[in-house]
Amino acid sequence: MANINKINGISGFQGTDVSCENVSLYGLRNYIDKVFATSTSGSSYSVQPASSSNSPFATIKNFECGNGYIFFRSGAQSSWSVFNIPHFEQGNLENNSNKLVTTLFPEHFTIEGKGEFHLTSGVNDPGSGSKAWYQTMPVYKTLDSSLKCWFNGSSYVISSRVGNTSSSVLNNSFIPNAPYGDAKTSSATVEISGFTGGSVNANGLYAEVGYVNGKILYRHAKTGDFYYFFNGQTWVLTDTPITVNGSACYVNGGSDVNGKLDNSSGSNGNCFDGQTANVSDGSMDPRSLATEDEDSLMSTEDKLKVLITEDNM
Amino acid sequence: MALITTSKSLGWYGVHGSDDCEPMSLHEHFGTYNSSGSFQIGKSGLSETEAKLISIWTMLPTGSAWPWNLNMEQKYRNHPISSLRELVKQHDEMKCGQMYWITWTGNKDLNIPGFVPTALGVDMGRISD
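First to last, the protein sequences are chains A and B.
Count the first sequence with the working numbering and you get residues 1 to 313, in order.
Count the second sequence with the working numbering and you get residues 314 to 442, in order.
Everything labelled a hint here was simulated from the structure, so no lab data went into it.
Positions of the beta carbon are idealized from the N, C-alpha and C atoms, including for glycine.
One thing to keep in mind: the hints can contain errors.
Examples of chain A residues lying across from chain B (beta carbon under 8 Å, computed) [unchecked claim]:
| # | residue |
| --- | --- |
| 1 | I10 |
| 2 | V23 |
| 3 | D33 |
| 4 | A37 |
| 5 | G42 |
| 6 | S43 |
| 7 | N92 |
| 8 | K99 |
| 9 | G122 |
| 10 | V123 |
| 11 | P126 |
| 12 | G127 |
| 13 | S130 |
| 14 | W133 |
| 15 | Y211 |
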């Protein structure tokens with residue numbers, strides 16, 4: 001939360017690691033005159049009077065998590081009062097050096113055989129419909145601009161131009177730094193396996209997207225819906241960036257990044273009742289770390305041998 | 314690093330990472346003027362003409378928007394009146410944990426490590442200690 005003092009102009013960022021929810025701009029109309037945010041075109045700011053932010057045509061209706069804003073107070077200075085914007089972090093020039101961003105997308109990464117990609121403020125390529133932030137997702141490029149990395153609505157794509165799939169490769173992921181087929185990523189990865197039933201969507205590859213509490217923040221590569229982070233004492237899997245507060249579904253792990261997520265008792269998490277899973281180094285074949293399932297793996301290997309033998313016959 | 318590729322960009326300076334966040338001196342990076350009025354090229358390698366196309370704004374603690382650009386450097390960096398020199402010194406670096414908005418009308422990409430740009434509808438991250 002941020003208490004907004006009696007000053008005219010305020011800049012800031014919505015969302016902390018403790019909590020984040022969207023906050024209605026219309027609900028703050030008595031305090032705020034106009035709000036500015038960067039449009040996805042990258043060439044203009046969207047400007048929204050708070051008093052009309054409930055309109056169906058309003059471009060900014062809320063302070064949304066993970067977004068930056070500038071706004072100005074309404075009314076005469078004598079009428080200003082201190083007010084609070086929940087989950088908002090003020091960014092005016094002041095002593096605030098310990099407040100840094102834990103990114104939910106990587107700042108840079110290297111894909112084997114393609115090059116090093118950097119986060120941009122948006123790329124307008126011919127054919128991309130002048131959307132610098134294509135599909136409202138971050139766009140990356142190599143320093144020489146020969147390759148772009150962009151989201152097509154279901155997968156990140158590497159190609160020479162945003163929106164153009166000629167000679168492209170896909171990673172079938174929500175984040176840009178997951179491997180592209182056999183092309184490896186420079187980002188750290190972990191593999192989570194073992195969840196069943198309604199929790200099965202949390203299984204899969206996770207890749208580094210940022211840092212929190214001095215350690216890597218991993219994000220579910222395929223969907224982006226789960227986060228694996230260090231809370232200062234233990235590693236935690238959660239569906240809410242990057243907290244277990246509120247209604248977050250989570251399960252606690254151990255003090256090492258590789259280990260077990262265990263909510264078999266139902267008292268070591270929320271929503272993952274009765275579930276256990278293993279976290280392993282993403283660069284390794286997860287089958288090689290199996291212990292309890294060794295018998296079933298042997299069984300699988302035996303079946304493969306049978307199939308190979310039958311094929312040979 | 315983040316590449317500023319668009320004419321308008323609003324974002325937070327300072328990212329949690331493997332390295333500590335360091336402030337970035339704008340006049341050292343993009344250029345300034347010496348006491349005889351000659352342009353001093355910055356670490357970015359931008360020419361004077363190119364560097365004049367940058368404005369980096371912040372909101373002062375008083376609630377006033379304040380720019381850094383080469384015009385400010387030229388007018389105030391070496392001004393004989395110390396209080397006027399302060400006009401450029403009060404905002405001549407990007408400090409960790411602050412919000413900035415950047416106007417850039419050049420053709421090259423500006424490389425600003427540690428700057429996290431934002432855009433409507435894009436969830437870029439969370440602020441944490």
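Hints, one by one, checked against the model:
Using the Cβ-Cβ criterion of 8 Å, the hint placing I10(A) at the interface with chain B is satisfied: the shortest such distance is roughly 6 Å. Checking V23(A) against chain B by beta carbon gives a least distance of about 14 Å; that is not within 8 Å, so the hint is violated. Proximity of D33(A) to chain B is violated relative to the hint, the smallest CB-CB distance being about 12 Å (cut-off 8 Å). The restraint placing A37(A) at the interface with chain B holds, with a minimum CB-CB distance near 5 Å, inside the 8 Å limit.
With its C-beta approaching chain B no nearer than about 3 Å, G42(A) sits inside the 8 Å limit, and its interface hint holds. Restraint check, S43(A) versus chain B: the minimum CB separation of about 5 Å is within 8 Å; hint holds. The interface hint given for N92(A) holds, since its Cβ lies 4 Å from the closest Cβ of chain B, which is under the 8 Å cut-off. With 8 Å as the threshold, the beta carbon of K99(A) comes within range of chain B, its nearest partner Cβ sitting at about 4 Å, so the hint holds.
For G122(A), the interface hint holds, the least distance from its beta-carbon to any beta-carbon of chain B being 5 Å, beneath 8 Å. Look at V123(A): its Cβ gets to within about 6 Å of chain B, closer than 8 Å, so that hint holds up. Given hint, P126(A) at the interface with chain B, is violated; its Cβ is 15 Å from that chain's nearest Cβ, farther than 8 Å. Checking G127(A) against chain B by beta carbon gives a least distance of about 16 Å; that is not within 8 Å, so the hint is violated.
This hint is violated: S130(A) has a C-beta 11 Å from the nearest C-beta of chain B, more than the 8 Å allowed. Look at W133(A): its Cβ gets to within about 4 Å of chain B, closer than 8 Å, so that hint holds up. For Y211(A), the interface hint holds, the least distance from its beta-carbon to any beta-carbon of chain B being 4 Å, beneath 8 Å.
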